[in-house]
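Order-wise, the sequence lines are chains A and B. First residue of the first sequence? That's 10 in our numbering, and the numbers climb one at a time after it. First residue of the second sequence? That's 10 in our numbering, and the numbers climb one at a time after it.
Worth double-checking, as some hints may not be accurate.
Since the list can't tell identical chains apart, any single copy or any two copies may satisfy a pair.
Taking lysine to any residue pairs in the SDA-like style, the calculated list, with each CA pair at most 20 Å apart, reads [as the list claims (entries may be wrong)]:
1) K55 with R182
2) K55 with G66
3) K55 with M141
4) K55 with T220
5) K55 with A43
6) K55 with F65
7) K55 with P142
8) K55 with W136
9) K55 with E203
10) K55 with R19
11) K55 with E90
12) K55 with G167
13) K55 with G160
14) K55 with Q154
15) K55 with P193
To be clear, the hints were calculated from the coordinates, so they are not data collected in a lab.
There are 2 protein chains.
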Amino acid sequence: MTPILTAFERSPDRGRGLARDMRVRWALEEVGVAYAVRLLSFEAMKQPAHRALHPFGQIPTYQDGDLVLFESGAIVLHLAEHHPGLLPVDAAARARAIAWLFAALNTVEPPIVERGMALLFERDQPWYAERMPMLEQRVDTRLAQLSARLGDADWLDGAFSAGDLMMVSVLLRLGRPGPLDAYPNLSAYVARGEARPAYRRAFAEQLAVFTASQAPNGM
Amino acid sequence: MTPILTAFERSPDRGRGLARDMRVRWALEEVGVAYAVRLLSFEAMKQPAHRALHPFGQIPTYQDGDLVLFESGAIVLHLAEHHPGLLPVDAAARARAIAWLFAALNTVEPPIVERGMALLFERDQPWYAERMPMLEQRVDTRLAQLSARLGDADWLDGAFSAGDLMMVSVLLRLGRPGPLDAYPNLSAYVARGEARPAYRRAFAEQLAVFTASQAPNGM
Chain A
10 MTPILTAFER
20 SPDRGRGLAR
30 DMRVRWALEE
40 VGVAYAVRLL
50 SFEAMKQPAH
60 RALHPFGQIP
70 TYQDGDLVLF
80 ESGAIVLHLA
90 EHHPGLLPVD
100 AAARARAIAW
110 LFAALNTVEP
120 PIVERGMALL
130 FERDQPWYAE
140 RMPMLEQRVD
150 TRLAQLSARL
160 GDADWLDGAF
170 SAGDLMMVSV
180 LLRLGRPGPL
190 DAYPNLSAYV
200 ARGEARPAYR
210 RAFAEQLAVF
220 TASQAPNGM
Chain B
10 MTPILTAFER
20 SPDRGRGLAR
30 DMRVRWALEE
40 VGVAYAVRLL
50 SFEAMKQPAH
60 RALHPFGQIP
70 TYQDGDLVLF
80 ESGAIVLHLA
90 EHHPGLLPVD
100 AAARARAIAW
110 LFAALNTVEP
120 PIVERGMALL
130 FERDQPWYAE
140 RMPMLEQRVD
150 TRLAQLSARL
160 GDADWLDGAF
170 SAGDLMMVSV
180 LLRLGRPGPL
190 DAYPNLSAYV
200 ARGEARPAYR
210 RAFAEQLAVF
220 TASQAPNGM
């Protein structure tokens, strides 16, 4: 049975690959699982039918037969646990890769989202200029720590893993030019992620959805 | 071998059980694994010796023989995977419990942390009063969605799981009285978590650390 992913009918990021379905698309491409996508309007995401699948009314959801999952981190971990390619076989290395997955989502992403929300929603507020250095500093603290740990390695802990997939996805939210420019090893790390064939296939797929939504006939 | 957890020598929450070692202590108590605690000063957390264990210089870390883990979510999941009591046996139910663990950390906690940071660090700023309703609204949106999903159930998806452990831990950060008061089912849910013998043992242990740090002789 082909699993079904939900994604934005019209992604607010205009096809730049920052919506969270991209993380799951990338994981599916890495493990070689074919999938179908069901597109949702913002209106549909608020409806009870979608809330039954996703309590917080977001995308993505993942349906595979009777199993329904939400949270991109949980979906990526589920795929990594059931298919080879995203987690090491060695038990300790596997646990560490999962720690990086959590670190991406719970330690590195929150200050990046907070900065992004301020850029989007508070740019016209009188306090914007005064608050922004604090938000930039919180992001930079995490980037400096991550850069120090990565050093000159290709990936965070041995071979590419679900932890790298999520960390690269989170860092991409910063945009370029941007805070990553101060850390050449992190910039190269993100570029290594983007260069993976699975990333490129997933990116093309999500971009095609956006491009289609912009076509003259509305399709 | 007894696993070793790191925790604050002097927790900034003054023993209220909000530091992230509490989540791991609670999980260890639920699965009945004895553990040792190594206390760290803020100064020690910045040192290379600790950074080798935790790239972001935080607590908790978890050491079990050669395995070193960071990120409370990853540690709780690791314990839940290796000991019965925190994840259902059924594969689909297990995946859903893990989704709730991620939801607690990546969807519910970030707006709660953002509100908490503003309360702590921006209370004296001229924009505080104007920004706070926006932050409260973001928290309330998540609480309303969570309350709707929980309904009159005891736990989020069947039996108590690692997902509930993390969700209750995250909601406790809101403090009482506070935003939870508007949602009696969420307040009762949190109280059910706190009433578990494992929670109470973990809470007492972390409180004892704080109480000892306040003793007249500094011990």
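Do the hints match the structure? See the list:
In this homomeric assembly, K55 and R182 never come within 20 Å of each other (Cα to Cα): the closest approach is 25 Å inside a single copy and 27 Å across copies. With identical chains, the CA atoms of K55 and G66 are at most 20 Å apart within one copy only, with a shortest distance of 6 Å there and 39 Å across copies. Taking the closest pair of Cα atoms, K55 and M141 never come within 20 Å of each other, the shortest separation being 32 Å inside a single copy and 25 Å across copies. Taking identical chains as interchangeable, the C-alpha atoms of K55 and T220 are never at most 20 Å apart, the minima being 24 Å within one chain and 47 Å between chains.
Taking the closest pair of Cα atoms, K55 and A43 never come within 20 Å of each other, the shortest separation being 28 Å inside a single copy and 45 Å across copies. Taking the shortest alpha-carbon separations for K55 and F65, only the intra-copy value of 9 Å comes in at or below 20 Å, while the best inter-copy value is 37 Å. In this assembly of identical chains, the alpha carbons of K55 and P142 never lie at most 20 Å apart, being 35 Å within a copy and 22 Å across copies at closest. Taking the shortest alpha-carbon separations for K55 and W136, neither the intra-copy value of 32 Å nor the inter-copy value of 31 Å comes in at or below 20 Å.
Neither within a single protomer nor between protomers do K55 and E203 lie at most 20 Å apart by alpha-carbon distance, with minima of 32 Å and 32 Å respectively. In the homo-oligomer, the alpha carbons of K55 and R19 lie at most 20 Å apart inside one protomer (15 Å), although the nearest pairing across protomers, at 44 Å, exceeds that limit. Within a single copy, K55 and E90 get their C-alpha atoms no closer than 31 Å, and across copies no closer than 34 Å, so neither meets the 20 Å cut-off. Taking the shortest alpha-carbon separations for K55 and G167, neither the intra-copy value of 41 Å nor the inter-copy value of 25 Å comes in at or below 20 Å.
Taking the closest pair of Cα atoms, K55 and G160 come within 20 Å of each other only across two copies (18 Å); inside a single copy the shortest separation is 44 Å, beyond that limit. In the homo-oligomer, the alpha carbons of K55 and Q154 lie at most 20 Å apart only across protomers (11 Å), although the nearest pairing inside one protomer, at 38 Å, exceeds that limit. In this assembly of identical chains, K55 and P193 lie within 20 Å of each other by CA distance neither inside one copy nor across copies; the values are 41 Å within and 23 Å between.
The structure is inconsistent with the numbered hints 1, 3, 4, 5, 7, 8, 9, 11, 12 and 15, although it conforms to all the rest.
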